[in-house]
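Chemist: Straight run, no breaks: the sequence shown in the numbering used here ends on number 352.
Just so you know, the hints here were simulated from the structure itself, not pulled from any lab data.
Hints are supplied without guarantee of correctness; some may be wrong.
[What the hints assert, rightly or not] Okay, derived cross-link-like pairs now, DSS-like style, lysine-lysine, Cα gap no bigger than 25 Å in a straight line:
(1) K67 to K253
(2) K5 to K47
(3) K5 to K67
(4) K166 to K265
(5) K5 to K25
(6) K302 to K253
(7) K253 to K300
(8) K47 to K67
(9) K147 to K253
(10) K302 to K147
(11) K25 to K47
(12) K147 to K5
[Said to hold, decoys possible] Ranges between beta-carbon positions, derived for each pair:
(13) D323 to A132: 45 to 51 Å
(14) L140 to R117: 39 to 45 Å
(15) K302 to T151: 20 to 26 Å
(16) P18 to R117: 19 to 25 Å
Note that the coordinates shown come from a computational prediction; the quantities given were computed from them, not determined experimentally.
Using N, Cα and C, we set each Cβ at its ideal position, and we do this for glycine too.
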Amino acid sequence: MSTGRKILVLESDRALSFPLGAGLRKNGWIVIAAQDAAMAMTAARQQKPDAVLLDHRLAGGGGVVALKRLRSSVYTTLIPVICIVPANSPQREELVTAGAQETVEPPGDPQAIDGALRRHLSRGDEVLQVPPAVLREPQRLQALAESKLLDTPPEEEFDRVTRLAAKLLGAPLGRLSIVDTDRQFFKSQVDLSPTTVRMRQTPLSNSICQWVVGGEEELVVGDAREHPVLRTNLAVRDDGAVAYAGVPFTVDGKTILGSFCVVDSKPHIWAPDQIASLRDLGLVLQAYASMRIDTADTEAKLKAVGTALIGATNVLLRGQRAYDDADRREICTIIEELSGSLSEIARRELVPA
Numbered sequence: 000m001s002t003g004r005k006i007l008v009l010e011s012d013r014a015l016s017f018p019l020g021a022g023l024r025k026n027g028w029i030v031i032a033a034q035d036a037a038m039a040m041t042a043a044r045q046q047k048p049d050a051v052l053l054d055h056r057l058a059g060g061g062g063v064v065a066l067k068r069l070r071s072s073v074y075t076t077l078i079p080v081i082c083i084v085p086a087n088s089p090q091r092e093e094l095v096t097a098g099a100q101e102t103v104e105p106p107g108d109p110q111a112i113d114g115a116l117r118r119h120l121s122r123g124d125e126v127l128q129v130p131p132a133v134l135r136e137p138q139r140l141q142a143l144a145e146s147k148l149l150d151t152p153p154e155e156e157f158d159r160v161t162r163l164a165a166k167l168l169g170a171p172l173g174r175l176s177i178v179d180t181d182r183q184f185f186k187s188q189v190d191l192s193p194t195t196v197r198m199r200q201t202p203l204s205n206s207i208c209q210w211v212v213g214g215e216e217e218l219v220v221g222d223a224r225e226h227p228v229l230r231t232n233l234a235v236r237d238d239g240a241v242a243y244a245g246v247p248f249t250v251d252g253k254t255i256l257g258s259f260c261v262v263d264s265k266p267h268i269w270a271p272d273q274i275a276s277l278r279d280l281g282l283v284l285q286a287y288a289s290m291r292i293d294t295a296d297t298e299a300k301l302k303a304v305g306t307a308l309i310g311a312t313n314v315l316l317r318g319q320r321a322y323d324d325a326d327r328r329e330i331c332t333i334i335e336e337l338s339g340s341l342s343e344i345a346r347r348e349l350v351p352a
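Use the sequences and the hints to build the structure in full.
Modeler: Okay, structure coming up:
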């Protein structure tokens with residue numbers, strides 16, 4: 000019996016979810032429920048279930064969509080998932096490929112489900128990488144190509160912002176990591192206390208940033224050696240990454256291309272104000288990248304630069320008393336440059352010749 004274990008039942012049909020829940024409770028499970036794919040991730044993040052029972056017909060995109068989301072987030076990727084799907088359904092193989100531990104025939108026998116779950120709860124699986132299909136999504140690959148950031152040389156414009164982020168967050172290493180299908184490339188990389196030669200790219204086996212892309216979410220970890228997923232990542236085991244804070248990096252405002260992050264070689268408790276500043280400085284880098292894209296329209300560029308200007312101003316106001324003169328000058332310079340860029344775009348693109 001699985002007494003005290005929590006299970007998330009993802010079933011849109013209440014006529015099926017009620018008897019399933021009742022049967023699982025008899026076996027000692029604490030049952031929570033969600034009725035569509037969008038609610039699935041919210042419930043999984045908030046409730047932290049020990050297991051998930053997923054119907055392949057789930058509303059909001061189907062069981063495959065929900066399962067892919069669960070497997071793409073560092074917060075939910077290790078949760079065992081049992082899927083209810085007919086043996087002859089074409090979705091059965093798709094669900095298994097997407098990461099389902101086991102499938103059961105509908106309507107789902109609580110005893111069989113309980114037995115399947117107990118087989119997988121104690122396995123202690125290791126997940127080293129985000130599902131490849133997530134990183135190879137065609138829209139993301141197109142946005143990655145249009146960004147023209149991969150395999151480009153370091154630029155002081157980018158490095159200055161990365162250096163500032165590392166300093167303000169008290170971390171020795173700052174990076175703008177662009178995540179490709181099989182590697183991460185560091186468009187910007189600043190080491191405030193260099194002890195080794197830093198590579199400009201690593202395989203995904205050594206990437207924490209891939210989880211920011213996969214989950215499309217911020218990732219803040221005080222000690223990755225204690226994290227159930229990240230502790231097996233080679234960036235932690237071999238490269239000395241202990242604490243990590245990363246925010247999504249996008250150029251078009253929606254497609255996540257990588258992570259703007261800071262890394263420490265020792266445990267680090269990241270303050271909320273520090274993460275807010277990392278987020279705001281990431282907007283500055285997004286504006287720099289957006290202005291370089293030929294296909295970006297004027298409205299998109301103006302929005303990116305305007306948002307970055309607000310972000311940089313927030314950074315200045317947030318910690319003005321704590322900054323030294325060099326920090327304040329650096330932030331003010333960034334604000335002045337963004338203001339100039341905003342005026343130049345408006346003059347060049349909006350004012351008739």
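Chemist: Give a verdict on every hint.
Modeler: Verification of the hints:
no. : hint                     : result
1   : K67 to K253              : holds, 18 Å
2   : K5 to K47                : holds, 8 Å
3   : K5 to K67                : holds, 21 Å
4   : K166 to K265             : holds, 16 Å
5   : K5 to K25                : holds, 13 Å
6   : K302 to K253             : holds, 13 Å
7   : K253 to K300             : holds, 14 Å
8   : K47 to K67               : holds, 17 Å
9   : K147 to K253             : holds, 17 Å
10  : K302 to K147             : holds, 20 Å
11  : K25 to K47               : holds, 21 Å
12  : K147 to K5               : violated, 45 Å
13  : D323 to A132: 45 to 51 Å : holds, 46 Å
14  : L140 to R117: 39 to 45 Å : holds, 40 Å
15  : K302 to T151: 20 to 26 Å : holds, 24 Å
16  : P18 to R117: 19 to 25 Å  : holds, 20 Å
The structure fails to meet hint 12 from the earlier list, while all remaining hints are met.
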